[in-house]
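Visitor: Listed here are the chains, written in short residue letters.
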Amino acid sequence: MSWLTMPTMGGYGFYVWGSYVLTIAAMVGEVLFLLRRREALRDRQEHA
Amino acid sequence: MTSQTIHWYRYASPGNLYQLAGQLIPWFAVPASALFVVGLYLGLFVAPTDFQQGDAYRVLFVHVPAAWMGMVLYVVLAFYAAVGWVFNARGSSMMASSLAITGAMFTFLALVTGALWGRPTWGTWWIWDARTTSTLILLFLYLGFISLQSAIDDPRRADRAGAVLALVGVVNVPIIYFSVQWWNTLHQGATIRIAGETSMAGSMLVPLLIMIAACWLYSVAVVLARLRCLIRERESLMTRSVVIE
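Chains as they are written, first to last, in my numbering: chain S, 1 to 48; chain Y, 1 to 245.
One chain only, chain S, in its complex shape:
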């Protein structure tokens, strides 16, 4: 696969990129949510 054919994925760009973007977004989102949950706990502990 070359840089030129990469964005179109041979006509399947929407399906291929769609699934990769969605998967990566879900995983990054999960990690961010967990970090926020941990921060919230830390704050609560400090103010307790």
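Source of the hints: derived by calculation from the structure; they are not laboratory data.
You may find that some hints are simply not true.
To be verified - Label pairs and their computed distance ranges (CB to CB):
id : chain 1 : residue 1 : chain 2 : residue 2 : range
1  : S       : D43       : Y       : D129      : 40 to 50 Å
2  : Y       : D129      : S       : V31       : 32 to 42 Å
3  : Y       : Q181      : S       : Q45       : 48 to 58 Å
4  : S       : R38       : Y       : V164      : 23 to 33 Å
5  : S       : E46       : Y       : G22       : 14 to 24 Å
Being a predicted model, the structure only gives us computed values, none of them experimental.
Glycine included, C-beta positions come from ideal geometry on N, C-alpha and C.
Using the hints provided, position chain Y relative to the given structure of chain S.
Guide: Relative to chain S, chain Y alone:
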């Protein structure tokens, strides 16, 4: 004979479990990140275009790991829920609760990426065939487990109720796995076989296996991180003795 005994029951105590989880997370998170980079590179740049499916097959590098994790995490969840129920081990029950969201997320991703693959390959976003339907049921089982637990205020009762649901639902996992053999489904059969020959070219198989390994390690890391949050949220009395990093 070794003179040192591993005191496994030590980790049943949430305080020790909290520290153990914290020590383990980097050992899973760091290799997971590295494998994702390698897997994505090989899957998107190195793996050749399929002569039948074109580039649409690249969806499978995320679809197959997601589907695997959805099933595997449910079995692990049911195991921990059962151990927590039978032995009255809080740590084990909390582990089950920690697994649910990640499992639900992967099952959801398997369904959506499956639709994104099915549209160009099968010509339809969705079909009520045995595998897709049983995978949808798996998502509902996860969501049922999560909502049941959050609906019960007493954590110990929530753990027991969740364990019952998890154990009843675990029957669905072999149904998903063997659905492609038991019924005549549109969904293709297993490509990676434990016994027998794998029907996939090496240049495509390697990125797939790397992505699966990455998803495994990722799951362990986030589940342990969530377990730590859960321990602190639940054991508010105990957290005073836990060293905050």
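Visitor: Run every hint past the structure and note whether it holds.
Guide: Tested hints:
no.	hint	result
1	S:D43 x Y:D129: 40 to 50 Å	48 Å, holds
2	Y:D129 x S:V31: 32 to 42 Å	33 Å, holds
3	Y:Q181 x S:Q45: 48 to 58 Å	52 Å, holds
4	S:R38 x Y:V164: 23 to 33 Å	30 Å, holds
5	S:E46 x Y:G22: 14 to 24 Å	19 Å, holds
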